[in-house]
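Colleague: First to last, the protein sequences are chains Y and C.
In terms of our numbering, the first sequence is residues 333 to 683.
In terms of our numbering, the second sequence is residues 11 to 267.
Honestly, the hints are just simulated from the structure, not real lab data.
A few of these clues could be false.
Among chain C residues calculated to face chain Y with C-beta under 8 Å, some are [stated by the list, open to error]:
1. His-67
2. Gly-68
3. Phe-69
4. Ala-70
5. His-80
6. Gly-84
7. Ser-87
8. Gly-140
9. Leu-143
Facing chain Y, according to a computed beta carbon distance under 7 Å, are these residues of chain C, among others [what the hints assert, rightly or not]:
10. Arg-81
11. Pro-92
12. Gly-139
Backbone N, C-alpha and C define an ideal beta-carbon position, used for all residues, glycine too.
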Amino acid sequence: MKTAAWPREEAEAERLLVVDPSAEKMADFAVRDLPSLLRAGDLLVVNDAATLPASLEGHDTEGAPVEVRLVGPAEEGTWTAAVLGAGNWRWRTEDRPAPPALPVGSTLAFGSAHGDGAPALRATVVAVSEVSPRLVRLTFDRQGDDLWSAVYRRGRPVQYSYVRAPLALWHVQTAYATRPWAAEAPSAGRPLTWRVLLEARRRGIALAAVTHAAGLSSTGEPALDAALPLPERFDVPAETVAAVTRARAAQGRVIAVGTTVVRALEGAADAGGGLLRAGEGRTSLRVDGHFRPRVVDGVLTGVHQPGESHFDLLQAFAPEPLLRRALAHAEHEGYLAHEFGDSCLILPRSL
Amino acid sequence: MQIEGRSALITGGSQGLGAALGRALAREGARVVLVARGAEELTRVVDEIRAEGGDAHGFAADVGAKEDIHRIAGAASALAGPIDLLVHNASTLGPTPLRLLLDTECEDLGRVLDVNLLGPFRLTRALAGGMVLRGRGLVLQVTSDASVNGYPTWGAYGVSKAALDHLGRIWAAELEGTGVRVLTVDPGEMHTAMHATALPDADPATLADPAVVARRLVAIIRAAEAIPTGTRLEASTWTPPRWQPMAVGAAFPRGRG
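Between the sequences and the hints, there should be enough to build the whole structure, so can you do that?
Modeller: Right, here's the structure in full:
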């Protein structure tokens, strides 16, 4: 499938493939049509996580280059991070050499991306994962305001080798990005403009949010990539639980904008013994064709291909043969894949 | 709006009105994030507020620089939680002594617009989407009487503030019904470094103390739900709407210090 190599100017004009598993039908639309495809009483749930400048370039004490990709805060002020070796964003992660061995106690220094002469940000490896030696926990040499200043000053968003030019922080935020929890963009929401969202609301479609720490998509290390997604932080606000209850009462459908929202809502319901409860948590829930969703009826997502964990997840919402037919159709019709690609809405009773 | 327990982001927070408003909001129980270019002055104000028991953070950045906007928005939300109150207080006069438009370089006008107009636009755009999602939020823009009067030599600044006033009206119209409100306030002439730069010969006795103006702004913020969104106010003449019990209370702020 062809790839979108750069954010497009008219997000609403991007294509939207609607797949109706109840009718076993599909049809082509544009993102701007989304409000007219939903009904009053339906609920759209978005992930309001902002994308972190998670990629920090630096070196170890021997001067060997490393790229650290922050996954998120862990216990006692530490951070979980994946470490990549030499190379830059133009290289596919799987083509990059391994980073130097970084046993517990190793130190890393991150200079400024802009050469501002400020002292480097330093980190110490305090734990190495059993999953992969490239998955570590770090403590930084500063906390609070100073740490966030250094991360935002020195970090930049995780880059993709297929993208035309380096991505800036504004390229990887949704229109409602709020809490900087995401290691990579929760990209399903990227084409949603406020015109589309407010038009949906005007039609009686409710809008609610969760925060989910969307994780890394790939590190290039097979053992680590096989373990993705790692357990991820989520927060389901009480307002969102109430909105789900209202949608249920109105016979509305709950539509997750992105697989991260599926993981947050179903992870929260799983933790609540089947009942969606408000609060923060961590989920390592695996969603696939054997999973019976308790909260989510449909998903707005990118165009995902077999072999991706996202494709497995979608099988909880549509049978694999229908998804493969949809994919063949998308490929034939020239849909674009990946972070800046076209969209797919899998929703029963939509066509 | 309620101030206690809410998150406020104030640009131009290291001196003058911005620093005074940061102190005043922290005393009212807000979590405050101050933004300014100079890290040292910023740290001093943040430390002062913390010494009083307030919850304050600093982030050194330039609101006139596009690449700093999402840094400000992201770091502020990380430090204080989703932002409920955004105060566009930072502004630049452009080159001083102030000069005729005939003597103003177009690059200088561009820089003034970057800081005073594009900066607030970009930062509102980065934060207001989240506010709409949460169904609440207040954007407070600090303007000047130079936005309505054509004062000679105040061209770059006056034009930027006139555009900012109108930006506020349009934001307000577009966000009507979302729970996100936009107000624009003229604080009046204050005894600040900026005023001294613009009008070095002014008699300080005729100028308001920024701390006093900051308390008026706090009262306006408290009463925001009773003020039509999109309104441009003058802090010196504004009085709380009497018929509003909450707003009457706001005339007597519960300062701790």
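Colleague: Next, verify each hint and record whether it holds.
Modeller: Right, here's what the structure says about each hint:
{"no.": "1", "hint": "His-67", "verdict": "5 Å, holds"}
{"no.": "2", "hint": "Gly-68", "verdict": "6 Å, holds"}
{"no.": "3", "hint": "Phe-69", "verdict": "6 Å, holds"}
{"no.": "4", "hint": "Ala-70", "verdict": "7 Å, holds"}
{"no.": "5", "hint": "His-80", "verdict": "4 Å, holds"}
{"no.": "6", "hint": "Gly-84", "verdict": "4 Å, holds"}
{"no.": "7", "hint": "Ser-87", "verdict": "5 Å, holds"}
{"no.": "8", "hint": "Gly-140", "verdict": "4 Å, holds"}
{"no.": "9", "hint": "Leu-143", "verdict": "5 Å, holds"}
{"no.": "10", "hint": "Arg-81", "verdict": "4 Å, holds"}
{"no.": "11", "hint": "Pro-92", "verdict": "5 Å, holds"}
{"no.": "12", "hint": "Gly-139", "verdict": "4 Å, holds"}
No hint from the list above goes unmet by this structure.
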